[in-house]
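Student: Let the sequences and hints guide you as you build the complete structure.
The primary structure of each chain is shown beneath.
There are 4 protein chains.
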Amino acid sequence: MKILLTAFDPFGGASVNPAWEAVSRVREDLPGIALRKLLVPTVFAESGALVNRTANEWGAEAVICVGQAGGRYEVTPERVAINIDDASVPDNAGDQPLDRPITPGGAPAYFATLPNKAIVAALRKAGIPSSLSDSAGTYVCNHLLYQVLEENALRHPERLGGFLHLPFLPAQVVNRSRTPSMALGDMVRALEIALAVTSAV
Amino acid sequence: MKILLTAFDPFGGASVNPAWEAVSRVREDLPGIALRKLLVPTVFAESGALVNRTANEWGAEAVICVGQAGGRYEVTPERVAINIDDASVPDNAGDQPLDRPITPGGAPAYFATLPNKAIVAALRKAGIPSSLSDSAGTYVCNHLLYQVLEENALRHPERLGGFLHLPFLPAQVVNRSRTPSMALGDMVRALEIALAVTSAV
Amino acid sequence: MKILLTAFDPFGGASVNPAWEAVSRVREDLPGIALRKLLVPTVFAESGALVNRTANEWGAEAVICVGQAGGRYEVTPERVAINIDDASVPDNAGDQPLDRPITPGGAPAYFATLPNKAIVAALRKAGIPSSLSDSAGTYVCNHLLYQVLEENALRHPERLGGFLHLPFLPAQVVNRSRTPSMALGDMVRALEIALAVTSAV
Amino acid sequence: MKILLTAFDPFGGASVNPAWEAVSRVREDLPGIALRKLLVPTVFAESGALVNRTANEWGAEAVICVGQAGGRYEVTPERVAINIDDASVPDNAGDQPLDRPITPGGAPAYFATLPNKAIVAALRKAGIPSSLSDSAGTYVCNHLLYQVLEENALRHPERLGGFLHLPFLPAQVVNRSRTPSMALGDMVRALEIALAVTSAV
Numbered sequence: 001m002k003i004l005l006t007a008f009d010p011f012g013g014a015s016v017n018p019a020w021e022a023v024s025r026v027r028e029d030l031p032g033i034a035l036r037k038l039l040v041p042t043v044f045a046e047s048g049a050l051v052n053r054t055a056n057e058w059g060a061e062a063v064i065c066v067g068q069a070g071g072r073y074e075v076t077p078e079r080v081a082i083n084i085d086d087a088s089v090p091d092n093a094g095d096q097p098l099d100r101p102i103t104p105g106g107a108p109a110y111f112a113t114l115p116n117k118a119i120v121a122a123l124r125k126a127g128i129p130s131s132l133s134d135s136a137g138t139y140v141c142n143h144l145l146y147q148v149l150e151e152n153a154l155r156h157p158e159r160l161g162g163f164l165h166l167p168f169l170p171a172q173v174v175n176r177s178r179t180p181s182m183a184l185g186d187m188v189r190a191l192e193i194a195l196a197v198t199s200a201v
Numbered sequence: 001m002k003i004l005l006t007a008f009d010p011f012g013g014a015s016v017n018p019a020w021e022a023v024s025r026v027r028e029d030l031p032g033i034a035l036r037k038l039l040v041p042t043v044f045a046e047s048g049a050l051v052n053r054t055a056n057e058w059g060a061e062a063v064i065c066v067g068q069a070g071g072r073y074e075v076t077p078e079r080v081a082i083n084i085d086d087a088s089v090p091d092n093a094g095d096q097p098l099d100r101p102i103t104p105g106g107a108p109a110y111f112a113t114l115p116n117k118a119i120v121a122a123l124r125k126a127g128i129p130s131s132l133s134d135s136a137g138t139y140v141c142n143h144l145l146y147q148v149l150e151e152n153a154l155r156h157p158e159r160l161g162g163f164l165h166l167p168f169l170p171a172q173v174v175n176r177s178r179t180p181s182m183a184l185g186d187m188v189r190a191l192e193i194a195l196a197v198t199s200a201v
Numbered sequence: 001m002k003i004l005l006t007a008f009d010p011f012g013g014a015s016v017n018p019a020w021e022a023v024s025r026v027r028e029d030l031p032g033i034a035l036r037k038l039l040v041p042t043v044f045a046e047s048g049a050l051v052n053r054t055a056n057e058w059g060a061e062a063v064i065c066v067g068q069a070g071g072r073y074e075v076t077p078e079r080v081a082i083n084i085d086d087a088s089v090p091d092n093a094g095d096q097p098l099d100r101p102i103t104p105g106g107a108p109a110y111f112a113t114l115p116n117k118a119i120v121a122a123l124r125k126a127g128i129p130s131s132l133s134d135s136a137g138t139y140v141c142n143h144l145l146y147q148v149l150e151e152n153a154l155r156h157p158e159r160l161g162g163f164l165h166l167p168f169l170p171a172q173v174v175n176r177s178r179t180p181s182m183a184l185g186d187m188v189r190a191l192e193i194a195l196a197v198t199s200a201v
Numbered sequence: 001m002k003i004l005l006t007a008f009d010p011f012g013g014a015s016v017n018p019a020w021e022a023v024s025r026v027r028e029d030l031p032g033i034a035l036r037k038l039l040v041p042t043v044f045a046e047s048g049a050l051v052n053r054t055a056n057e058w059g060a061e062a063v064i065c066v067g068q069a070g071g072r073y074e075v076t077p078e079r080v081a082i083n084i085d086d087a088s089v090p091d092n093a094g095d096q097p098l099d100r101p102i103t104p105g106g107a108p109a110y111f112a113t114l115p116n117k118a119i120v121a122a123l124r125k126a127g128i129p130s131s132l133s134d135s136a137g138t139y140v141c142n143h144l145l146y147q148v149l150e151e152n153a154l155r156h157p158e159r160l161g162g163f164l165h166l167p168f169l170p171a172q173v174v175n176r177s178r179t180p181s182m183a184l185g186d187m188v189r190a191l192e193i194a195l196a197v198t199s200a201v
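Chains as they are written, first to last, in my numbering: chain P, 1 to 201; chain L, 1 to 201; chain G, 1 to 201; chain H, 1 to 201.
Calculated directly from the structure, the hints in this document are not laboratory data.
Values in this document were obtained by computation on a predicted structure and should not be read as measured data.
From the three backbone atoms N, C-alpha and C, an ideal C-beta is built for every residue, glycine too.
Some hints could be false.
[To be verified] Cβ-to-Cβ under 8 Å is the rule here; a few derived chain P residues that face chain L:
no.	residue
1	Tyr73
2	Leu132
3	Val174
4	Thr179
5	Ser181
6	Ala183
Tutor: Shown next as structure tokens:
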């Protein structure tokens, strides 16, 4: 299976994004998978177009986007993307949309088509905390997932699409009290498991 | 420096204790440190005597006890042990003391003599979440720390003593919602850093 | 404005539901509001039909549903309902749907039409913790909100609809560690403020 | 029973302290209790002397100190005070002691003599979240409790002493995410119950 694995760059003043730290370390030789990695700017106006163009040109069979959800305890596949941008901080281009539809007149939501529950089960079995998330928020993560799923639904119905949110890395929380984190090695392992589960669909 | 590093066995129905998982993996060849490891039963009546006897026979210059504090987010050196046992679950021998002094007529508390703040600073610098804890609870962890510090204060005033609490391991929380954890590798690294900081006192 | 205010009965083995405790205490004489209260069974197959039938027969201009979201810290208006039932516990009729569409072929989601952000702002100004929620879950709460918003969208486009989630009551958490709660009086006050803000649209 | 009930003033930049908000509203006519209330400055160098002088001059039979523990979920009686000041923010006089003994050469700790477990049980029975705390921190709260218990132990062994920590008020957390709070009415009720339980000793 040809899988496009994307990750956002750092945003909101952070110097690192665990998404790219993990994605960049994922093994390239996973059996049965042709893997392509893509670093995506945390920019509303660019992220979806870049990912969909790359997926289309390459002929990806699945697109798995990865992002940071600071404050979460687990690796959380996202169930759904909703048709709204509502940002509490500006993106990396300075855009801060408030209650703005991603696609005016578009579907109100798209459900991810990755095998989310099988991914959660496989991660837990591997000792990695994971649960299904019912909200990807209303920032660039949700925006990208919406645009990927919209592209798939409208033009590539056979292509799988989904999103995995990662917690903070330990080094990101040393000055934050009571904030959960996950080791980079476990994140990398989680992504490799998610890839394997997806490719076995 | 001759350092005795102790860890509790599993308790409360758990099949694993991150303390011993981490301690058993600590490098034995840390520069300037003669290291001895000791697995300690989670039993009020046995833990302190075993640790102190081992420390005395070997001539330990520092005793660092390690235990699990499920629910914590960080590696937490303990500031103090108080003269009370008050258990919410039985220990591994079935003993569940309630509001019972550890040493009747003993000092109400002993302060740990490890370089706790230097350990916290070194751990954070290494990207490992850590903060000082003001309470080791009133279970076997506090009990052991009290007895170690009492032994040191009364008979070995030059011997350092302290306690490091570790969070759950990731595999321990896969079926618990919103519970923080820490990777085993980071725990091992944290202990090795704490040993190095202690030996540099 | 004619506002139908609904609340679920207790579920999941609980003996009380803060939703009805609060709704039943809301003042009936709020200026400019004709208020009707409705207790709704926590049953997938019944809740939506009952609420919509009541709203239609009475000619409600707004439907505000209230439910419990145990573990939340704040009064949380819901932004959206998604077209999926996925229950972790059975409802009060023993039904536990898994990944089942609420309306097969229906819209993937509906956005609430209450003035959610104005409600949050008014509650905070009144000293009541509140924030917007991006997920009503996938249990009966989301189910009811979906069916209310679907009914409004398809047949009563002028009728407002939305959902407010309430935390646990203090008495519900006395045996749960580290679980937030909110006093009943503050919940009642929150609902009265939400009603006033809604009626001023 | 003659009970002195004290509360700190706001500190750390806050405009309100739930301790005094609650203490000032406690009923004065509780049966069997002569109640005296005292507002105490959040100042290391003044708090203990003021409270002890007041207790001695009046002939208090019990001293119950009340303070804020922002971030806690429950009313938490304190088990113990330890002989150390270690402040993360300056007190209201600008003093920020670091690892400084409260009483050089003094007892390392004093245990509170209030009926803490009976208070917790009575609060829970009344539907108010409560649990015993094993640490009053190392700020002015612990400092005051230490000095009160030291005075009692050394010169008034029959006088009871203890400390109750209160969560934030709801209005204090409207701009903090995921922070628990408690309604003022429940705090007042909690203090009245604690007074009644104490007077029944």
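Student: If a hint holds in the structure, say so; if it does not, say that too.
Tutor: For each hint, the structure was consulted:
no. : hint   : in the structure
1   : Tyr73  : 6 Å, holds
2   : Leu132 : 12 Å, violated
3   : Val174 : 4 Å, holds
4   : Thr179 : 7 Å, holds
5   : Ser181 : 6 Å, holds
6   : Ala183 : 3 Å, holds
When held up to the earlier numbered hints, the structure conflicts with hint 2 and nothing else.
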